[in-house]
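In terms of the numbering used here, the sequence shown opens at residue 10 and continues consecutively.
By construction, these hints were calculated from the structure, which means they are not laboratory data.
You can trust all of the hints, since none of them are fake.
The list that follows gives simulated cross-link-like pairs (lysine-lysine, DSSO-like), each with its CA atoms no further than 27 Å apart:
no., residue 1, residue 2
1, 73, 242
2, 286, 209
3, 242, 140
4, 226, 209
5, 252, 242
6, 73, 123
7, 286, 220
8, 73, 233
9, 70, 226
10, 242, 70
11, 70, 233
12, 275, 233
13, 220, 204
A quick note: this is a predicted structure, and the numbers were derived from the prediction, not measured.
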Amino acid sequence: MFNNFISTPENSLNNFIARPNYYPLRRLFWKVWYNRFASNFSKIKITFINYGYADLEPDAKQLKLSSYEEEERYCIQLYHHVANSISLTGLDVLEVGCGRGGGSSYMMRYLHPKTMTAVDFSESNIAFCQKNHSVPQLNFQLGDAEFLPFNDYSFDVLVNVESSHCYGSRKRFFAEAFRVIRTNGYFLFADFRPKDEIDKTTQLLQESGFKILNLEKITANVIKAMDLENERKLAIINQYLPKYLHIVANWFAGCQGTPMYEAFMKGDQEYLCYVLKK
10 MFNNFISTPE NSLNNFIARP NYYPLRRLFW KVWYNRFASN FSKIKITFIN YGYADLEPDA
70 KQLKLSSYEE EERYCIQLYH HVANSISLTG LDVLEVGCGR GGGSSYMMRY LHPKTMTAVD
130 FSESNIAFCQ KNHSVPQLNF QLGDAEFLPF NDYSFDVLVN VESSHCYGSR KRFFAEAFRV
190 IRTNGYFLFA DFRPKDEIDK TTQLLQESGF KILNLEKITA NVIKAMDLEN ERKLAIINQY
250 LPKYLHIVAN WFAGCQGTPM YEAFMKGDQE YLCYVLKK
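Build out the structure end to end from the sequences listed, making use of the hints.
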């Protein structure tokens with residue numbers, strides 16, 4: 010599967026993520042990729058998988074982080090920007106698509122929800138999370154975004170950061186999000202979309218029953234973070250991944266010069282951040 014994907018012309022990689030005709034294959038590809046990714050990085054503690062967020066103002070106040078978190082500062086800042094849209098204090102929070110678990114750990118330790126539940130469809134990611142994140146009231150488990158293993162009205166807030174582009178059906182995920190969130194609860198949602206699919210994404214969210222409290226385009230912030238992270242990401246890829254995966258990994262990481270990076274630079278892809286209420 011990976012050899013076939015790597016031989017695909019680079020300008021079709023974005024289409025693989027974004028376009029409806031790829032829905033049946035997208036879920037399978039991402040599950041295989043994330044399990045392969047996790048197995049290669051099992052010996053190092055990369056705890057975030059996102060493009061990051063950087064303030065555009067040079068004198069903006071920075072988050073106070075511990076020394077061991079500094080290396081992943083921009084990835085953390087993306088989570089903070091999304092999750093700090095409302096107060097999570099004392100609430101039951103679910104993260105769907107938790108990846109390596111750094112976002113859920115950050116939210117539990119810094120934003121003080123009552124409980125934090127995190128799900129991902131990659132067995133390798135969940136195994137990594139359970140081994141490396143030991144935080145009271147933080148629980149990791151396998152879960153499919155399109156078939157969430159929870160009862161109706163189980164959570165006050167659902168957080169989903171840079172994950173939904175992997176799903177087979179965004180419509181199905183939005184319906185599941187609406188189902189498990191309590192009345193008057195919140196859906197904090199951030200991901201990238203082709204510019205011609207922004208209106209469709211907003212429409213799907215509204216059709217699922219959500220009220221849009223805020224929609225923000227943070228593409229410029231994400232590009233700045235990608236630039237600041239470029240050398241670190243390339244060093245990690247070159248050190249820990251076999252050469253035959255470098256092309257896909259560079260694209261996946263949004264490294265400079267890749268189709269994804271260029272799509273952001275040209276405005277063909279936009280990074281969206283929603284605050285929604287049930």
